[in-house]
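There are 4 protein chains.
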Amino acid sequence: MNEIGIGIIGTGFMGECHALAFQAVTSLFQPRLRPRLELVADVVAEGAERAKARFGFARSTTDWRTLVQDPAVELVAITSPNVLHKEMALAAIAAGKHVYCEKPLALTAADAKELADAADARGVRTLVGYNYLRSPALRHIKHLLDSGELGTITYIRAAFEEDYMADPSVLFSWRCERAKAGSGALGDLGSHAVSLLRYLAGPIVEVAGDIAVTVPARPVAAPGQTAGQFTRTSEEAKIETRPVENEDIAHALLRFESGVMGTLTASRVAWGRKNGPDLELYGTKGAVRYCQERFNEFQLFKASPRLDDNGFRTVLTGPYHPDYGRFTPAPGHSIGFNDLKTIEVAHLLEGIAEGKPLYPDFREGFAIEAVCDAVLESAERRAWVRVEGGN
Amino acid sequence: MNEIGIGIIGTGFMGECHALAFQAVTSLFQPRLRPRLELVADVVAEGAERAKARFGFARSTTDWRTLVQDPAVELVAITSPNVLHKEMALAAIAAGKHVYCEKPLALTAADAKELADAADARGVRTLVGYNYLRSPALRHIKHLLDSGELGTITYIRAAFEEDYMADPSVLFSWRCERAKAGSGALGDLGSHAVSLLRYLAGPIVEVAGDIAVTVPARPVAAPGQTAGQFTRTSEEAKIETRPVENEDIAHALLRFESGVMGTLTASRVAWGRKNGPDLELYGTKGAVRYCQERFNEFQLFKASPRLDDNGFRTVLTGPYHPDYGRFTPAPGHSIGFNDLKTIEVAHLLEGIAEGKPLYPDFREGFAIEAVCDAVLESAERRAWVRVEGGN
Amino acid sequence: MNEIGIGIIGTGFMGECHALAFQAVTSLFQPRLRPRLELVADVVAEGAERAKARFGFARSTTDWRTLVQDPAVELVAITSPNVLHKEMALAAIAAGKHVYCEKPLALTAADAKELADAADARGVRTLVGYNYLRSPALRHIKHLLDSGELGTITYIRAAFEEDYMADPSVLFSWRCERAKAGSGALGDLGSHAVSLLRYLAGPIVEVAGDIAVTVPARPVAAPGQTAGQFTRTSEEAKIETRPVENEDIAHALLRFESGVMGTLTASRVAWGRKNGPDLELYGTKGAVRYCQERFNEFQLFKASPRLDDNGFRTVLTGPYHPDYGRFTPAPGHSIGFNDLKTIEVAHLLEGIAEGKPLYPDFREGFAIEAVCDAVLESAERRAWVRVEGGN
Amino acid sequence: MNEIGIGIIGTGFMGECHALAFQAVTSLFQPRLRPRLELVADVVAEGAERAKARFGFARSTTDWRTLVQDPAVELVAITSPNVLHKEMALAAIAAGKHVYCEKPLALTAADAKELADAADARGVRTLVGYNYLRSPALRHIKHLLDSGELGTITYIRAAFEEDYMADPSVLFSWRCERAKAGSGALGDLGSHAVSLLRYLAGPIVEVAGDIAVTVPARPVAAPGQTAGQFTRTSEEAKIETRPVENEDIAHALLRFESGVMGTLTASRVAWGRKNGPDLELYGTKGAVRYCQERFNEFQLFKASPRLDDNGFRTVLTGPYHPDYGRFTPAPGHSIGFNDLKTIEVAHLLEGIAEGKPLYPDFREGFAIEAVCDAVLESAERRAWVRVEGGN
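Chains as they are written, first to last, in the UniProt record's numbering: chain A, 1 to 391; chain B, 1 to 391; chain C, 1 to 391; chain D, 1 to 391.
Quick caveat, the hints were computed from the structure, so don't treat them as lab data.
Just so you know, these numbers come straight off a predicted model, no measurement behind them.
The reader is advised that the hints may include incorrect statements.
Which copy is meant is left open, because identical chains are indistinguishable; a pair holds if it fits in one copy or across any two.
[As the list claims (entries may be wrong)] List time: in silico EDC-like cross-link candidates among lysine to aspartate or glutamate, alpha-carbon distance up to 16 Å:
#, residue 1, residue 2
1, LYS285, ASP70
2, LYS356, GLU293
3, LYS302, GLU350
4, LYS302, ASP167
5, LYS142, ASP308
6, LYS180, GLU87
7, LYS285, ASP167
8, LYS142, GLU350
9, LYS302, GLU149
10, LYS142, ASP309
11, LYS302, GLU388
12, LYS142, GLU297
13, LYS180, ASP111
14, LYS302, ASP146
Taking the hints into account, I'd like the entire structure generated from these sequences.
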């Protein structure tokens, strides 16, 4: 079995998630290309060291540039804050490395396009970490569509809502800052929803968007507090607040290339909601509802002349759905969030080994950003906006 | 159209429910025999007067014997406390009246048998108010069984759980008193579940039961409090308590005449539960789950060689289910609890007019009580008990 | 008790529903003004006669003008096809009658305004039959908002989706004809959703809409077939089709006077969906989800510092929710669709008797139509549109 | 970090599941004792080789006795067919190895006791693989009980139902054979339910059981078919059938040492059900419902004087629930079935390293078997049976 040297930049939530996926993929998928955890980079030395020890990387570094240039690193995984994606990805591409970048690919569609173009020019493989696309249920929904079992799509809705900033006392963090995060709920959560919409219903060509900041200012971290730690603030901390610079909510009307209508919702202030995307899809022969909070099942309605025994079916995922059987042969037993990342990594390794096209690559990542940008532009101009490029 | 004179005994929850059903049935079902609200009896004169005025009875009385003997009353509806059912029903039968009695029919199976025998001897029609049998969804489930679509039953479970006495501070009432209520949760709630089990799966011939009193004593009403009003008690009221005499919970293993296994549950101390019965039924070709709290739908699984798109279907009731269309032609719009009573009354009037057998008549009411009694006997003897009679 | 003479125009689905509600309201609500079913009108003589006999109207007629002018008729209920609402309502108003009109009030906002103005000028009471506003759960949600328990609204969504025209072989009917129905899914279903949105979140001042006809042409009824009977067509019937003239789906972005964002969806081609509206409402202190298909419950999330035991609560309706206790004292027992109409009629009678303002009156009906018209205009102009009037 | 040499016997569903868990545990839990995959045994040489390669075992063997005796193996994991557990576990104990055995521990309680006694005598650590005990939601339920938030238990129900043998054409396999499987649904599935019941509510001291074989005979595999492969049989295969020797369904009434009542259900013929256990637990202050098919959530009702906003809460699991945060910091993102096994292995390694008691050890495994055996004995004797030993 051939190996591929992996370098991971970042050791936070997603850095760990990547490392776990690279560890698990060999036994679960037996890929032709076996990942070798070569190098991990974190700006904080202890973080890098700890990750090295924990996941068994061969080496660690505090300098991501070192990682990108390292000859033993053939694939660079970028899990750093969004604002850094561009510079890191460009450097990795320039060094001829394949690049696996967390979503959103970049802060703007223009930046995303620059990355996609650079990767194409250099001929490296790229993948963006829209891991909800790996859900066995979702992929089966795609299969139902492709096989014609749901007829043609009449309309589709996707929403991604969480409550991580629903409490007005959640501290100001880089996520609220346009220069560091780009957009707010739309980029962080809505981009996942866009990835699903495009996967299932194709290119989005026109949008009308609306956005709102519902918590205009948030408390700044007191000395000793870490911004973004989502801790309830002390009275002291409330002394100072800072204006939130990007949207808490986004809504959009969509038109697909096919003419199909759709809608998009993103929110980080939706009390009670912990994960997304949610999906509703109506076709001429049936309908599907799907909620990521229960991603081990989906709701399926199949039109039938018989009415008295028909209704939405709660289909539990099982080994007859894509890749579920890699984890367990028993239906209804559930796979987990981390398993979705493992499927993503399996796809990545298979694509590199086999020369198969990867999905969603940077080109697709750009297309997703182009939709998000168009929504923001539409919200500002209060007009329908064509989605430029990315299709 | 012919008329039938109705006399209703009792003006509480169920007395009102009966009166509403007799009022509504004419327009909704256009029965051959049109009910005429002739006489209402309540031991409290104001109650009787109020009901007369509210529902448009021709007359009222404080003496149920007067009602039973009244020549204009052809059908006697009994909605008084359970302890009074027997005497009233016997008197009505003796007077040659048809009798419509609220469940449970009597405090013991022996009493229920006496009533059934008396009615048979006198040749009057009888009906017991197990109105959950009228649910369109439930009757469709019966149809699915009869038509063989679910195969043969492998096992069945029914439970009826509420929380109306879950709070230990709920006052002692006649429901806790063996002499007035007979059994506790079993008679009040479990009998409904038994009615469903027999309706769907036939006679129950052997049981093993277990019961418990989980709140051994309850506060006695303070002066000015009405026993059974389910009010949280003041400290003062707690000074005195009285032992609860019948079961808060009952569980039983069941064997049907067909050999099929089943279980029965009744509880009045199930926090969060507001209504029953719940039903689970497995057959050789499918399965059904049903919960009275959502009685406008049922869950249906139909076995199929295809696994990837199968699951329990949430079937919403519609005009293609028995009697739903009497209320509205639009599926998924829901009928209400009172509507079930109207369907029951329609069945009653139709049966009397057409000479059709009524279900569940006093004979069936006896059979249901026989099962409940056997459960109690089994719980006491700690042994399996044959259900005597009633099948 | 005083009486009020009722005249109902139309004997279809809604005509029957009105008659049932007027019958049931007296016992259930004991209104000061007792309805007397005076006159029923249907263009088909047998229909009028049948309704008279079935519901006990004093008289029937085939001429609605006769009904409107009848001195014994004090309240005119209009349940005819939408295209006739305007002429009938104007005639009733001119005759000094109170008017209870089914939704949508008129085919256009301009017509609705004309009706509202006429009613104001003549000083009669009016009510539009948006009966989902009567749902005990929904009214409790309104109460939660008014009491501040959910904080201030951050955003709100409402959708009304059914599948009654999802099958492309459903016949062409007056509902597909602009001249007879006005708009399609938006007017028929979406207007209900708008009524909820305004009830809960106040005036809507700006919209961006998008609509689509997803079944461009439908088969015309064969000889002997009744258009609109939703029968699957024979091959023969398919010989001829007719273009559908109004939208199968509508989506809109909304801005409320308060600045709050919202969305609106209406669809008559949503396979598997049988009723609406559905509602999602997020506030600064909690969230609510509600689906009319399960209108005897709602989902409630209340923000709390404690995370480990929090989640959406499935609250079953009970006597502690508005008007539920009129029907049954037992929680979780469910009321039905027809009961909502009875509550509506109780409100109507109470308002007339007490001189209380009615909600939603024709002015509100106009406001709802104004929103719908703005959505259609926006969809045509592909631009945000101010909602003119109606607020 | 210290290491411990692992030997796994068996490479089927559970053998793979164990190997994956031992692989994943180091990064996720950073245990003091790091597992080293030393040796894997499978009677089929290719199977052993394949597993060695796939999971990275140092060596493989076709002889489990070799594995048990191997000096580098310190912990023996037994995932072979149930009939072999006893001999293997005894040999491992005799060799002084810690033993991690899949459930059920043995075919009879007597055998289980022999194993528990042997382990105690030899002083080795043991663990039985009842991995559903590791569910974060379930452990939080236990915490709610222990903290008194649900009051004292009034009653509890557990059921484990699947449909893997619901189709009568499923082939006869070792699972149907008493000599190889012991009991049927009870041992395979019901034992899981018993493990939960004991975990939450303590020792079970008396039972009344009932069992049934609902598919009396099953087709024998045709030449070339593998028994137990759950393939629909050809006509040819149906020529020969073989009687099923153990129960398809088991029901039992339970009494706990505390006096609390409960019930137990196990079924392998429950169409539509894919996993268990399901749990319902009522206490004096609240209630819980839990279903393994949606084990990333649970339903919680907390009694409150306020009725209008109360109901069962759907609590999604998050990092505030036991061990969830090991996998992901984000609530509502779900962990998977394999993750439960990893938590189990973490507990195992921690217990061995720290000298902490393991749960459920062989003594507990015996107690669980003692309950199952008592149910079977009760079903045969048609009488309540004391649970002997195991408490």
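Consistency of the hints with the structure:
no.	hint	in the structure
1	LYS285 with ASP70	neither (53 Å within a copy, 50 Å between copies)
2	LYS356 with GLU293	neither (31 Å within a copy, 35 Å between copies)
3	LYS302 with GLU350	neither (34 Å within a copy, 38 Å between copies)
4	LYS302 with ASP167	between (40 Å within a copy, 12 Å between copies)
5	LYS142 with ASP308	between (28 Å within a copy, 13 Å between copies)
6	LYS180 with GLU87	within (13 Å within a copy, 61 Å between copies)
7	LYS285 with ASP167	between (42 Å within a copy, 8 Å between copies)
8	LYS142 with GLU350	neither (20 Å within a copy, 43 Å between copies)
9	LYS302 with GLU149	within (8 Å within a copy, 19 Å between copies)
10	LYS142 with ASP309	between (25 Å within a copy, 13 Å between copies)
11	LYS302 with GLU388	neither (36 Å within a copy, 41 Å between copies)
12	LYS142 with GLU297	within (14 Å within a copy, 26 Å between copies)
13	LYS180 with ASP111	within (14 Å within a copy, 52 Å between copies)
14	LYS302 with ASP146	within (15 Å within a copy, 25 Å between copies)
Going down the numbered hints, you'll see the structure goes against 1, 2, 3, 8, 11, while the others check out.
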